[in-house]
Amino acid sequence: MTLMTFVYLIAGLVLLVAGAEVLVRGAAKLAAQFGIPPLVIGLTVVAFGTSAPETAVSVQAAFNNSGDLAIGNVVGSNIANVLLILGMTALFAPLIVSRQLIRLDVPIMIGASLVVYALAWDGSLSRLDGALLFAGIISYTAFLIISSRRSKDVNEDDEFAKEFGLDEPAKPYAWAINLGLIIAGLVLLVSGSNFLVEGAVSLARTLGLSELVIGLTVVAIGTSLPELATSITAALKGERDIAVGNIVGSNIFNLLCVLGLASMVSPQAINVAANALAFDFPVMIAVAVACLPIFFSGYRINRWEGLLFLAYYAAYTVYLVLFSTGKPFAESFGNAMLGYALPLTAVTLVIIAGRAWRKQRNEAT
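Taking full-length UniProt numbering, I'd label the letters of the sequence shown as residues 1 to 365.
Keep in mind that the hints were calculated from the coordinates and are not lab data. Keep in mind that this is a model prediction, so the values were computed, not measured. By construction, the Cβ of each residue, glycine as well, lies at the ideal position given by its N, Cα and C atoms. A portion of the hints provided could be inaccurate.
[What the hints assert, rightly or not] Beta-carbon label-pair distances, calculated as ranges:
hint	residue 1	residue 2	range
1	175	311	40 to 50 Å
2	143	3	44 to 54 Å
3	6	282	32 to 42 Å
4	3	233	25 to 35 Å
5	174	278	49 to 59 Å
6	180	206	19 to 29 Å
7	92	277	27 to 37 Å
Input sequences plus hints: build the corresponding full structure.
If you want it as structure tokens, here you go:
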């Protein structure tokens, strides 16, 4: 790897993380000045703002005809968000999961994963596919705003207001300052995405790896850093809805908005690699489905479940390395994961969730 490739990657990641932070702060405070409730800001601006790096990178990659990088970034980020970030966050502090996530947001995340997989099944994502996905994120956001205005939760409002300083009195010309932060954040994001895409493509060529693998690993983890910082910080402060809701909201946004925009701006339909359809997409869906029984079992994510998530992410990364280097047992390892390990874990989680459900039912009666 050349020095310039290393410089591009580091500079891109730094600019993306800084840009996301500045953008979220400015947008959240500006929205608050216009009278938007903190809970609505948390569900939309904050959750979506942490996905700004994925948006910038995937749109830039698609526009440059690097479709594998765009797809790999989204799929890899969604897998990393749950297995790596939620896993690490649960190790710091066991997480309490709100009932809304279990009843609404996680099923929507699973449904969005299945829709994207169905649209990509023919081997490509067209502009029409992108428009359908983008219409989905608009509908989801509108639903969140309407439903949160109807049933306002004071505790959650206080939580988001405290975390992002939305309850502080507005200073003179604050709107201009916040608007400047938004513009600065966008400039940093665009610059960072250019550097990261350039560095990732160069790294793939240098190491002889596909852009898909680089997108699923290096780029995916890099663009997920804002989610990691937000979730761990929130967990340590005891802010459960920000810690977990941030991840679920970000995954929904990645699937519907990021892939939607990337597909619409791409000069041609984005080709989806056959190995991604055969392995990476099913893993992404399995990870989303696994959230439901884990979240349902006692409405919390325990440390052992966090360790389980991390172990699966390590196994997934090992498979990618083996596959990309052409090791002969990569296929056997992948089949073992899909055919044995994942189903066995799923059965175990269903049993745990069933016991938790029966316990809650008995306590209610």
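Quiz item: Okay, residue 175 versus residue 311 on CB: inside 40 to 50 Å?
Solution: This hint holds: roughly 48 Å between Cβ atoms.
Exercise. Starting from the hint 32 to 42 Å, judge whether the C-beta atoms of residue 6 and residue 282 obey it.
Key: Since the Cβ atoms of residue 6 and residue 282 sit about 33 Å apart, the hinted range of 32 to 42 Å holds.
Practice problem: May I ask you to test the hint 49 to 59 Å on the CB atoms belonging to residue 174 and residue 278? | Solution: holds (52 Å)
Practice problem: Given the range 44 to 54 Å, decide if the beta-carbon distance of residue 143 to residue 3 lies inside it. | Solution: holds (48 Å)
Quiz item: Honestly, do residue 92 and residue 277 meet the 27 to 37 Å range at C-beta?
Solution: holds (35 Å)
Practice problem: Mind checking the hinted window 25 to 35 Å against the Cβ distance between residue 3 and residue 233? | Solution: Once the Cβ atoms are compared, 33 Å apart, the range 25 to 35 Å for residue 233 and residue 3 holds.
Practice problem: Just tell me: holds or violated, for the beta carbon distance of residue 180 and residue 206 against 19 to 29 Å? | Solution: The hint (19 to 29 Å, Cβ to Cβ) is violated, given that residue 180 and residue 206 are roughly 38 Å apart.
Hint compliance for this structure: hint 6 alone is broken.
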